[in-house]
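From just these sequences and the hints, can you work out the full model?
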Amino acid sequence: MTSVKTESSIIKTVGLTRSYGEICALAPLDLQVTEGEWLTIMGHSGSGKSTLLNLLGGLDRPTAGTLLVDGENLLSLSEDQLARFRRESVGIIFQQHHLIPYLTSLENVMMAQYFHSIPDAVEASLALEKVGLGKRLANRPGELSGGEQQRVCIARAIINNPKLLLGDELTGNLDHKSTHLVMELLKELHETERFTLVLVTHNQEVAGWGQRTIFMDDGTVVKDVRQGRSN
Amino acid sequence: MRRLLRGFHSIIASRAVTPIILGCFALIYIIIAFYTDETLVALMALVRSNSPLILLLSCIPVNLLAILCRETAQFSDRRHAGLSAKGLPVGTYQERVFLGTVQTGLLEKKIEQSGYHYRIKGDSCAAWKGISIFPARFLFLMGSFCLFAGILVSLTTRVSLRDVVIEGEPLPEAVGVRGRVEQITLRQHNGIILSHSLDMNIALGEGDEASVRKFGVYPPGRINGIFFYPRYLGLAPLIEFTPPESGQVFSSYIKLMIYPPGKEDGVQIPRSPYRISFTIIEPMTGAEPYITGKFNLRFKVLKGNDQVSEGTLPLGGTVSRGGYTLSFPDAKKLVAVDFVKDPGLPLLWIAGLLFLGAIVAYIPIRMFAPRREIIFIQRNGSTEVFSRAEGRAAKHRGILHNMLDHLCQSQ
Amino acid sequence: MPLLVKGLTLLILWGVLVVGLTRAFAARKSALTAGSVLGLITGTVAGFLLFGSFTGELPFAIIKSLVAVAFISLFIVAAFAWHKDPAPAITVFSPSLSDHPAVTAMAAFLTATVFAILAVCRLSNSGDNATVLAVCFILLAMVELWLVVYRLEPLLPSVLKMPRGGLPLLAVSLFLFIASSSPRLDLFSPLSMKVMKLIHDFVHQFFESMLIPDHPFFRTDVWAYIGMLFSNSVGFWGGLIIWFIPAALIAIAVFRQPLPSVAHVRQAATRRKLIAGHLRERRCLLFFPFFATILMAVAVYESGHPSVEYWDPKPIAVKADGAGTIHIPVKDGETDLKDGKLHKYIFLQGAKKVRFFVLYRSDELTVVLDACSICQPEGYGQSEGTVICYYCKTLIPLETVGKPGGCNPVPVSFTADAGGVHLSAVSLINTWNEQVQSAKKVPGGPE
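Protein chains in written order, with my numbering: chain Z, 1 to 231; chain F, 1 to 411; chain X, 1 to 447.
Here are the in silico distance ranges between beta carbons for each label pair:
hint, chain 1, residue 1, chain 2, residue 2, range
1, F, MET367, X, GLY277, 27 to 33 Å
2, F, GLY311, X, HIS422, 30 to 36 Å
3, Z, GLN81, X, ILE12, 33 to 39 Å
4, F, GLY311, X, SER413, 28 to 34 Å
5, F, THR156, X, GLU364, 43 to 49 Å
6, F, PRO219, Z, ASN139, 55 to 61 Å
7, Z, ALA121, X, ALA248, 27 to 33 Å
8, F, ARG96, Z, HIS98, 38 to 44 Å
9, X, TRP311, F, LYS294, 51 to 57 Å
Below, in silico cross-link-like pairs of lysine to aspartate or glutamate (DMTMM-like), each with a Cα-Cα straight-line distance of 20 Å or less:
hint, chain 1, residue 1, chain 2, residue 2
10, X, LYS273, Z, ASP80
11, Z, LYS130, F, ASP405
12, F, LYS395, Z, GLU129
13, F, LYS395, Z, GLU107
14, F, LYS214, F, GLU169
15, X, LYS161, X, GLU281
16, X, LYS352, F, GLU264
17, F, LYS214, F, ASP163
Since the hints were made in silico from the structure, they are not lab data.
Ideal Cβ positions, reconstructed from N, Cα and C, are used throughout, including at glycine.
Below is the structure:
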């Protein structure tokens, strides 16, 4: 596996906390992620891993603490600024895909371009070719397999050249073969596009693809492992 | 001197010249409109009689011709000088980018993947797709030239004379051709635009050398450069009128412009206070009298301002009323014809055809296969890229940018 | 319209104009303010002098000509704005030349002068104390100028910029909007009438020049379509096209300017972001042309629906005596022919109907048809020293009623004495038949 040399932190949290009333989903958390790193977040259900991911992606606001992503203090951003941050700096891939069912795969990718700036069919089709779906541009999500849908989501997530790519259980609905294909694709894109990748998973095999894994329990990080994957 | 010529050429071939001149004429039109309601006619008369204005108007076809020559030269330069940079009309390209050295093999592959044709010559490569709209532009400019040249010629040289041609009578002398109107026939015609056709059979020449030519409504016939432009139909009835106070009979063919039925015209009886006005009665059956030849006239006899008699009179009939006798033994058909000498007219027709051709050429090309070009010229360790698109510019721009991204990534 | 409402409307319009001036000349606020103040003073003085020195329709004709010249100049501005690469001399209407204080001051001066003249015209002729109100208005306008330039305009979004040709368009559209509320200043109605005449003449000349056959040879349905070109609506629609051409050209010129090239940027998302920014800037340039278009559209509406009430009495039926003469007494009950109002009559003979009216003007009576020889005979109304043709909305000064030509009502021969007015029924009918459009047998063809 290619080691990624980084010098700066793209993510830095200090005492990051998220509470829902009396329930503390995320205990004060200190975390640093270097630019270009592949981080996997593991933990059982309710450990706070998805909460952390949502905070990193600007989908949720912390209750306390400091959260710096790509030099932006997300706590100080207004709603409009947060929306701009999500559009320009972050790409998110969900387990449930959230593709628009009546649009083709090309149009789904162009939607992300539309909200970022302007749609560009040529660029979108090249992005889909990059993820191996060059011949499936005109197909709607219902006509694609789970793995193909997830690949459309990947194309959609990277089309605006985000610095940070987040994935929440993105192989959760896939079989073993599709999972392998998707992870191979992510690895290839991570090497060529050089974004920082943060994946949430409970799958040990998926975690093995990354460079670093943190284990969470009750909203805190209990273990932080740097690893390599042997191919 | 060369700079002066170049300056003169750039002025005469400027696209602003024609709109400026047309704007001047529009201003003159506006000023005239304050003084008369017949503004257009007054403007035409003013231009016709004013040499500076004629000179100004003549600048338009000259300008259009100069633009045509310049754009043809640019088109030719792009086609033939495109791979040498020297002579490439850089100003006609929309984008210009500098890159480092580009591998020819990779470039060919990217161009082919994008669906463009290409041609390589040395260190330069031209890629293109679609058909140029220049042929349509050429037709349009030629049509514009013919239009304004035709207007200029027509305005300054048109001579028109209106006279009547009557069945059985010789052609008017002003035509300058010896001939005789043999027959005038009006027929129903189920055309897309015209409902009637008119045939004027005219025997040209005399004696054994006479030949019969048919003149119709459209396109108008021509003899010795003079167009026969039929305007209105009429009737030349033979009228015999006898007033009660004198036994003298007024008998003559009179020319009446009383077609279509309902239109009124009249004749002043010479050396008398009488005036008779006529209208053709529309037949109940709807059959046109001009086609059937069966005319029924309604007449009114006026003595000064007083109406002294009125009635109806069929062809071949006689009416006596209140001492007045009116006979209608015969009638000849007549047509009021404009004899027009206008050398500019063919130019105007050609202009129409050229504009039609331009539209037919332009629309499908612009919609389905507009011209897009990219030129790569390598020199001194760098690559200069020129791009232009006559249509689908956004898509072409996207292809170009992605092509450049790939080429740069591989450098 | 109440005086106060007129004044408030004009103040609002002045505020809009100042915003436009400030956006066009953002770097030269002091020159702008100085030019505008001087223009307001000059325009006010000029306006009062005009109405003080001339009477009747002349001052209105002068002001109307001023607005007309501004409207025609707008076409020249639009033509320059349309040209993609104007020479430096041509950028005189471009914001890029706003850096020169003399140009700024001159533009502001001219705009404010015309505005002030129009304001004085609208306010000072509106009744008692109107002069005082006009002066108060001008003073308030100066205060508003300072407020808008130095306090309010900086609060507006910076994306609202003035495109090339936008300032003249905004100014002229405001002038046209103000002018359209008075039939004496309105430009659209005479424009549509002239356009109608132009189209009639052009079609006629085109047919003649191209030797196209006349209507007897045409199919009726085809000729009906050609006949549409001779209808009233063709003048309206043609006038509308001409009315909006400058605004359309200036708006389209915004899109004709090529976007800055982003081909040198190698990152696709960054390129798209740059293009999106350029497109957004370009869209914002349309704000002022769009606003000007709305103003011109409202001006068209006001032109067609003037708030002036016209004196238009119901025609009184008259008969001819045994000798065929119609007699109308000078005084008959409450009717007095010499009261300065038009008096309408209708003469019926069989199926023939002839409308005419009698008017006392310039110390004498005149008798004219209630129709002219150009338009469809929809009749005339009287207001503010003029009669108006309902068909083409042309205003005819009372002094010229009785003289032939143009859209003037057709004069009728008559005699007048102490007893009244006398005219021949035959002559009346013949004049109507020969002169009035609907009575002519063949529309657009031989007469």
